[in-house]
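**Student:** For the record, the sequence lines run as chains A and B.
Under our numbering, the residues of the first sequence are numbered 13 to 211, in order.
Under our numbering, the residues of the second sequence are numbered 15 to 110, in order.
Please note: incorrect hints may appear among the correct ones.
[Unchecked claim] Pairwise CB distance ranges, derived in the manner of DEER restraints:
| hint | chain 1 | residue 1 | chain 2 | residue 2 | range |
| --- | --- | --- | --- | --- | --- |
| 1 | A | LEU98 | B | THR33 | 49 to 55 Å |
| 2 | A | MET210 | B | LYS38 | 14 to 20 Å |
| 3 | B | LYS97 | A | LEU125 | 35 to 41 Å |
| 4 | B | LYS38 | A | ILE81 | 31 to 37 Å |
[As the list claims (entries may be wrong)] Pairs of lysine to aspartate or glutamate residues, derived as DMTMM-like cross-links and limited to a Cα-Cα distance of at most 25 Å, are as follows:
| hint | chain 1 | residue 1 | chain 2 | residue 2 |
| --- | --- | --- | --- | --- |
| 5 | B | LYS37 | A | GLU184 |
| 6 | B | LYS38 | A | GLU184 |
| 7 | B | LYS37 | A | GLU183 |
| 8 | B | LYS97 | A | GLU71 |
| 9 | B | LYS97 | A | GLU183 |
| 10 | A | LYS179 | A | ASP45 |
| 11 | A | LYS209 | A | ASP45 |
| 12 | A | LYS179 | B | ASP67 |
| 13 | A | LYS75 | A | GLU183 |
| 14 | A | LYS75 | A | GLU184 |
| 15 | B | LYS38 | A | ASP45 |
| 16 | B | LYS97 | A | GLU184 |
| 17 | B | LYS37 | A | ASP45 |
| 18 | A | LYS179 | A | GLU71 |
| 19 | B | LYS38 | A | GLU183 |
Quick caveat, the hints were computed from the structure, so don't treat them as lab data.
We put the beta carbon where it would ideally sit given N, CA and C, even for glycine.
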Amino acid sequence: MVLCMICALVLGLLYGLSGAEWGLIDVVSRHSDLILYLLMFFIGISIGTQRGIFSKIKEYHFKIFVIPIGIIVGSFVGGVVCSLILDIPVGYGTAITSGLGWYSLAGVTIGSLANAQMGSIAFLSNLMREIASFMVIPFLATRFNSFACIASAGATSEDTTLPIILKYTNEETVVMSVFNGIICSMMVPVLISACLKMV
Amino acid sequence: MDVIIIMCLGILVGRLFLTPRIKKASETISVMCTVLLIFSMGVTLGGNENFLDELSALGFSSLLFFLVPTALSVVIVYLLTRKMTKKETGQERAGE
């Protein structure tokens, strides 16, 4: 599974670097938003066909917020640590890590609100987080717990990394994962703006 | 927001009209969509003229900005949720 994902990325990169233009591939890459919609619909079906899953959410109450809070705190502290190591303003460092894996939004926002260099770091580091999540989720599911898989995925836990989380954990974790993704995605623009104000 | 609405539609369709037997098929389609999405992400990245230059110049900083926050997030969430999973396991054992 993971190998398949890596192969898909490498093949995509090679195709993009080659500058070739093949009709079907161009249509697929230009309409990735439609594929995402299809993905979300079928993930919805996976959740919907699972019986008894919603009563489990009620059992958790406020505990459902523990995961996004842990992710945000971990990412913020990580941003402070990285800023000190690389000797860059803490506001920039924490803004970069506030992307929580949402590389497209973090790169574009920080690139325009701060500078292109910080935007590029935000793009690449959050992209690395998403790609690495595909590889570490199977390990985290066996060595840590199912919620640690969500922590690695960050804001991507509601879309791209969700099928991997579904494969290596259970439907209950998938529901937590979707809730976490929604909360993290809502918080990303707020956190980036707040952190950049510290500069 | 639109992706969340579409997912909710999927949940409704799955809950009201489909049986758990369809789950396997929908998971397969989900994986196929993910592979396509990752491929198209690679195409977009590779198509960026400055991609290789940016990757080598900012590689180390990006690696650090990915590793430290991700590791800290995993550790903090693991520590916070350890009790939740322990409690669950205990309940499951008691149920057996």
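**Student:** Which earlier hints can't be squared with this structure?
**Tutor:** Structure breaks hints 2, 11, 12.
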